[in-house]
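J.: The primary structure of each chain is shown beneath.
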Amino acid sequence: MTALDLTPRPGAAPFPRMVLAQAGAELKATLRHGEQLLLTMVIPILLLAGFSVAPLIDVPGTRVDFLTPGIIALAVMSTAFTGQAIATGFERRYGVLRRLGATPLSRSGLLLAKTVAVLAVEVLQVAAIVVVAFLLGWRPAGSPLGAAALILLGTAAFSGLGLLMAGILRAEATLAGANLVYLILLGCGGVVFSVEKLPASVQPIVELLPITALTDGLRAVLRDGSAPPIACVAVLLAWAALTLILAARTFRWE
Amino acid sequence: MSSPAVELTDVVKRYGSKIAVDGLSLTAERAAVTAVLGPNGAGKTSTVEICEGFRRADSGTVRVLGLDPVRQARDLKPRVGVMLQSGGMPPAAGAGDWLRLVSRFHAHPLDPVALLDRLGLAEHTRTPVRRLSGGQQQRLSLAAAVVGRPELVFLDEPTAGLDPQARHACWELIGELRAAGVSVVLTTHHMEEAERLADHVVIIDRGRVVAEGSPAQLTGAERQLRFRARPGLDLDELLGALPVGSAAKESPGGHYIIEGQVGPELLATVTAWCAAEGVLAEDLSVERRTLEDVFLELTGRELR
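From first to last, the protein sequence lines stand for chains A and B.
So for the first sequence, the working numbering puts the first residue at 750; every next one is plus one.
So for the second sequence, the working numbering puts the first residue at 380; every next one is plus one.
Since the hints were made in silico from the structure, they are not lab data.
Quantities reported herein were computed from a predicted structural model and do not represent experimental measurements.
You may find that some hints are simply not true.
[Unchecked claim] Here chain B is said to cover these stretches of chain A; the calculated rule only asks that three of the stretch's residues, wherever they fall, bring their Cβ under 8 angstroms from a Cβ of chain B:
#1 767–773
#2 837–849
#3 852–862
[Claimed, not checked] Which residues of chain B face chain A? A few of them, derived with a C-beta cut under 7 angstroms, are:
#4 LYS456
#5 ARG483
#6 ALA486
#7 PRO529
Note that beta-carbon positions come from the ideal geometry of N, C-alpha and C, so glycine has one too.
Extracted from the complex, chain A is given alone in its bound form:
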């Protein structure tokens, strides 16, 4: 039997080490989880490749130039919103959030770790999407920094929405709801099918959705070479502010 020195020697690890440890655990959990990988990697890449190759959509310019920004937006939504909402919902349900609450890792540290993990997954997603898009003949225009800024804003808006959902609904309801919202936003947010194809009456509403704002913004930057449109930035900022404030007020850790 191993002798253990149980003499008290308490102390919190340095904050960055705690955050990195937690972020690493979250990243590992996401990458090991089959359904999560399907959602974050497989579906976006399949949509990108499928709709680029098959002449199913009628768009101005090449199909891959139209699709890639939308697929990047979809990837951001799948990680920051769907994946994060479901994982956090179950962490709450299994008492993991509560148990972590008893460790020296503070709540702000935990949220920071989640954000770091989400951003790390997004980097992997964007890298994979960009490689596939280039293979399909993608010719991006515009500034990568503008695109990165939009992705960050979109991440904030979708994280807020995901945490809002995970903080108030039961884990099963979050699972169902997050997938449903994902499908609806995928369908009508201009990811694959242009919003202009929708009836004129619903277009103004659809343009207020975070997915539409992120898709349109990325398309404006990466396809048209313009700066991030003010309207898209404003919509994403509004969603981020609204959902993060509401989530902070309503989130139940247990």
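Here the structure of chain A is known, so what remains is to put chain B in place on it, guided by the hints.
T.: Chain B in isolation, oriented as in the chain A frame:
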């Protein structure tokens, strides 16, 4: 080392109209094992959760290592280890990964590998938490409570559902914690556990402390005299011969229990009375009360 490990004064906790903790006061000393005993729903878990900072008391004062567990949580958390009654671990994570993660929140943790080995989980380092048996999950949860080398650990029913080997391994670890100067507060239904491990036992019922003391103090100098004989003996007559303050009862039929100052004289009086009645007292014994007797006496025998 001035302030006690835990000091609760007049703590009240309500959930809606239900009072879970009703003016409870208790002190757990440092470097000692304090066992909180009580029937289901007595308020044990609520009390521990208030100490852990998970819940805020409605009134009363709560001091853990001299600190307020809610307002001074930041200072307190690194010094305290917690084992929840159930759950608290991600089902898909490997046992070793989980323990390593918790260890990395601490400045001077124990080696997670050695700790897993010590608790008989060495072969399960890579096993996902959900594939561990209930007893293995309990041990992993205990490991996570101590990996940060805390000054104080709260263990909520640490051995519930463990097989005898695992239970003894846990008891041994708790004994070592105590020897190393760690303060331990645990809740339990196991009277044997409390009797073996605890320096101080607090029995609570309906959110209040109904008795406390060392196991020896609680079971008391008081002894019982028990014997079997034919049913229906006239105990009133016997009582007349016994010192004032003694009690005699037949429960169940044919089993007699005499309580009071059970000494040589009382024993002689009872046997003399039996002889006079022409009764042979079988299985005559003088026993110390067990903690279980005390517990049932204080909290009643009816099921809840």
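J.: Determine for every hint whether it applies to the structure shown.
T.: A quick look at each hint next to the structure:
{"no.": "1", "hint": "767–773", "in the structure": "holds (count 3)"}
{"no.": "2", "hint": "837–849", "in the structure": "holds (count 6)"}
{"no.": "3", "hint": "852–862", "in the structure": "holds (count 4)"}
{"no.": "4", "hint": "LYS456", "in the structure": "holds (5 angstroms)"}
{"no.": "5", "hint": "ARG483", "in the structure": "holds (4 angstroms)"}
{"no.": "6", "hint": "ALA486", "in the structure": "holds (3 angstroms)"}
{"no.": "7", "hint": "PRO529", "in the structure": "holds (5 angstroms)"}
Against the hints set out earlier in the document, no violation occurs for any number.
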